[in-house]
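Q: In case you want the letters, here they are:
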Amino acid sequence: MTKAMEKKEGAVLVVGGGVAGVQAAMDLTGLGYYVYLVEKAPTVGGAMAMLDKTFPTNDCSL
Amino acid sequence: MVEAGRSPNIELLSNTDFLALDGKPGAFTARVRVRPRYIIPEKCTACGMCAQYCPRHLVDGYNEGLALTRPIHIDYPQAVPASYFIDPKACMYLKNGTCMICLSVCQTRAINFDQQAEERELHVGAVVMAPGFGRIPDSALEKYSYGAHPDVVTSLEFERMLCASGPFEGKLLRLSDRRHPKSLAFIQCVGSRDLGCDNGYCSSVCCMYAIKEALVAKEHEPELDITIYYIDMRTQGKGFDAARIRAEDKGIKFVRARVAEVMPWGQQLKLAYSTLDGGHFFKAYDMVVLAVGLDAPADAAKLAQSAGFALNHYDFCQTTTFSPLQSSRAGVVVAGAFQGPKDIPESVTQSSAVAGLVSALTKQERGKGYVIKTYPQEQQVSDDEEVRIGVFVCHCGVNIAGVVDVPSVDQYVEGMEGVVFHAQSLYSCSQDAQEVLKQKIKEHRLNRVVIAACSPRTHEPLFQETLKDAGLNRCLFEMVNIRDQCSWVHANEPQAATFKAKDLVRMGIAKARHIKPLPEQTVSVIDKALVIGGGIAGLTAALSLADQGFLTSLVEKQPHLGGHLHDARYTLRGDDTAKILKNLINQVRKHQNIEVYLSSELGQITGYVGNFSSQIKGKKTDDQTTIVEHGVIVIATGGREHRPPRVLDAPIKYSDRVLTQNDLERRLAGRARNRAPGLVVMIQCAGSRGDDLSYCSKQCCNEAVKNALKIKEINPAAQVVVLYRDLRTYGYAEDAYREAREKGVLFIPYSLDPKPKLNAEGKAPEVAFYDPILREEVTLAPDLLVLSTGIVPEDTEELSKLLKVPITSDKFFLEAHVKLRPVELPVAGVYVCGLAHSPQPVEEIIVQAQAAAAKAAIPMVKGHVLVEPTVSTVDQPSCIGCGICEALCPYQAIRMIKDEKNKRKAETITASCKGCGICASHCPVFAISMGGFTDEQIKAQIKAFGAS
Amino acid sequence: MTSEEFNPRILGFLCNWCCYAAADGAGASRYQYPPNLRTIRIMCTGRLDPAFVFRAFVEGADGIFTGG
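Protein chains in written order, with this note's numbering: chain A, 1 to 62; chain B, 1001 to 1948; chain C, 2001 to 2068.
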């Protein structure tokens, strides 16, 4: 097991890659931060990626 | 999501576990472990060859176990990252050391079985916890025969079954016999409002998604008989009740009942349910959907321990009413369902809000690690250069290809003038398709791109970004809408839809031959904010902006700050509202970045995003007027308690016997001896949900429960009767509702047919209503008749005219996108929060204000905004200076200037131009050209329309 | 000519912000309408030069639809 230490300044950690985590990451980059987005599953999207459409407008969710 | 995948400022660590957090705010060290995916994402093209050869089967978790996949797989084609992965628990090689077939079939050598788990230490200033929610345990579903009978499914499984790209390609089939069900029941509150599985709270989303799924199912099978069994229909969000009514209109039945159990019954399933009046019934259905709630994440306790913050009694993150997103550990904030069960727009709002909190907490760090995205040098496309068009026709899964014959549309463009390349794609918006697009642009030296897919309103920015990445000007792009305006609306006429798609593509290509590159323009942003309204929303927004380092002007029309929160005395959680408000006002008044204007209002406003100039005038005539220059505006004008003159058709005379919840709260907080008398009757939805106001005000049920509990606290002998339609104590407020019932508060539902009869004009109020439990008419003469009235917005009409922003028919501001941009208004640089947005409880107002402040800070942090290149330009030699365009422009974006020969000429103010084109269509000498919509382009489209 | 035989070709000029958005909305709600309409997106109906209408009739349109 290797160990790497990263001394990046101005970074924020977001735990969770669902709609909340991804939105937080996007807004943090908008505010000038570098973001580590940690997701335990192999892909981001969380539960929202499983939704076909969303209430009440039935837009697609992606 | 694709956007997040391509941001140079987000390092996506998927397949990664969070291990530990040390240090303090501003200087945390987080430890994470990246598990091997056995595939190198940069090399994987997601071609799928490996999965075709992989010999093992695996139950597909993404499709809720309804389909099979392989140990080497990708969840869905648009996944981010767009890379396969290997499930080590199922792979034959990783388990038994044999196989490795995939290794030899992978053309790009992306598979690497030597990958090891890697631990990393990340140096971060703050941490956002957004781990989402967990599953309701199967044990809570057993009484509904879940697991025992295949036709009992959870709502998430049902979602996948309905999905066009799901296991049944959108066909609604029973799992038992693959037949179309004829009848279907939804059971609400499964795993929520249920102490049996320790989930006393309401999950807040199930009523909405059940209605959505029912409507979608009805779309698939118009004859399907659907019944929703519910306790309370909690559709309290903005515009949500309307969707429920729409569902009723479509023939979906709503039955208020508790379902005790579901048992197999021949080919069907038998529901045993009991209604409010104590009746027991049975009914058989072909299929049953369990509307399962949101549980705390399975690893919540581990996460809390390793990050060092506290959980609440339901294992969600512990927070408080007035700091709703702050965990118990400084520097660790929380957003989304982990803060408490919630829907997408609220999660998105919380996410923006935490970004703002982090930005205030670590403002010295801002920008230090930021990577500025660079694009390759833009390729020059001159007017006389050969037109080389690439056409991409999208299947959108089956959304388009299920109706339109996509291969024939793709073939149709072959040989058209200027078309040098054409192809189909399964999902043209996916990350891998962007790579293909870039590659094809290079390979075929394309200088125009036409994509026939969905709507440019939603997807044009994505493709334009890809064009920039490929070194093309983003305006060399045309989108043809063959989904929203073709396949979706002609679902039963595939031939005609295909014919129409071909016409539209031909017209798009005709336009594309004439499109030209347009210059990118930016506008600088003044880093000052204006906040309108000094109530809890405005105070919170101003403080958040100021804490992030931006000068903020706060305008309040009253002579004091605090707004209507001064009327509140206590909250459901027992907070001392007055003390907290006083503290907040003090912080605002003392903050060096905030300038407060009391007894003032917005006079005139001119300018555009980044450069507004506002006149702030005192309310008295001799008061002076101040001009403030600012870059952004946050609207927080609030709302007030509605006092309807009639309730349930009865005239109301407000008095010390007939009062609103607000009046009652003041009375209960006072010292009068008889303030909590013997019999109190509360009427919910008084003047709401169609009675006077059309909507639900979202907070009145909480207020009623709060005050009912207070009455019981002061006078335990008091009898409190709450007459309601649906009791909407969503989220954790359900705890208080339960407590009130335990303490003897009587909750009795009333119907609108017949309505309860009120006598609320004299000194002796009376209420007569039908009691469904006693099954008889009851008349009460309460000491206090309390009306739970709704919320109405204040001053939104004037402000909407002043700022040219839209309001809903209920006079709340209309956000830019209900789901994904909940605090932005359609006019750039203008944001909204609080009761001006929609009725909501104080905790949500605070979150929304923090979110609006974060969104408003983004252009100020950047220092500039990009202006859309589709603006008008005046060809000054041709201009005759008539001034028609200046007079007609609705945005004051054209001004008349004198040229060097002192002749009058028109000129566009680019930053104000909205690209409407009124000027171009009215110019008598055709001197004005509309970028992206020139006469030449539109005429070419018309000609192509005729050329079928 | 009976109404069943007449299959008009209609050209629509739709405002990006309202009518085009509404047409997208109709799709999202899966409303069904006859497939006789072809559309041109403009940023505002103010862009609709009367000359475009005449030209469309010349090109064989049986009707012009505009919404904004």
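Misleading hints may appear alongside valid ones.
[Unchecked claim] Straight-line Cα separation of at most 25 Å, SDA-like style, residue types lysine to any residue; simulated pairs: (1) B:K1516 with C:N2016; (2) B:K1943 with C:A2028; (3) B:K1943 with C:G2060; (4) B:K1905 with C:N2016; (5) B:K1502 with C:Q2032; (6) A:K8 with B:M1100; (7) B:K1804 with B:T1606; (8) A:K40 with B:T1606; (9) A:K40 with B:D1075; (10) B:K1089 with B:R1109; (11) B:K1811 with C:G2060; (12) B:K1757 with A:E9; (13) A:K40 with B:Q1318; (14) A:K40 with B:K1516; (15) B:K1804 with C:F2006; (16) B:K1024 with A:E9; (17) A:K8 with B:R1329; (18) A:K8 with B:S1306; (19) B:K1619 with C:T2066; (20) B:K1182 with C:D2049; (21) B:K1253 with C:A2028.
These aren't lab readings, by the way, just hints derived from the structure by calculation.
Q: Could you run down the list of hints and mark each one as holding or not?
A: Hint check results:
no. : hint                 : in the structure
1   : B:K1516 with C:N2016 : holds, 20 Å
2   : B:K1943 with C:A2028 : violated, 30 Å
3   : B:K1943 with C:G2060 : holds, 9 Å
4   : B:K1905 with C:N2016 : violated, 29 Å
5   : B:K1502 with C:Q2032 : holds, 19 Å
6   : A:K8 with B:M1100    : violated, 38 Å
7   : B:K1804 with B:T1606 : holds, 11 Å
8   : A:K40 with B:T1606   : violated, 48 Å
9   : A:K40 with B:D1075   : holds, 14 Å
10  : B:K1089 with B:R1109 : holds, 22 Å
11  : B:K1811 with C:G2060 : violated, 44 Å
12  : B:K1757 with A:E9    : violated, 66 Å
13  : A:K40 with B:Q1318   : holds, 22 Å
14  : A:K40 with B:K1516   : violated, 45 Å
15  : B:K1804 with C:F2006 : violated, 44 Å
16  : B:K1024 with A:E9    : holds, 15 Å
17  : A:K8 with B:R1329    : holds, 22 Å
18  : A:K8 with B:S1306    : holds, 22 Å
19  : B:K1619 with C:T2066 : violated, 45 Å
20  : B:K1182 with C:D2049 : violated, 53 Å
21  : B:K1253 with C:A2028 : holds, 23 Å
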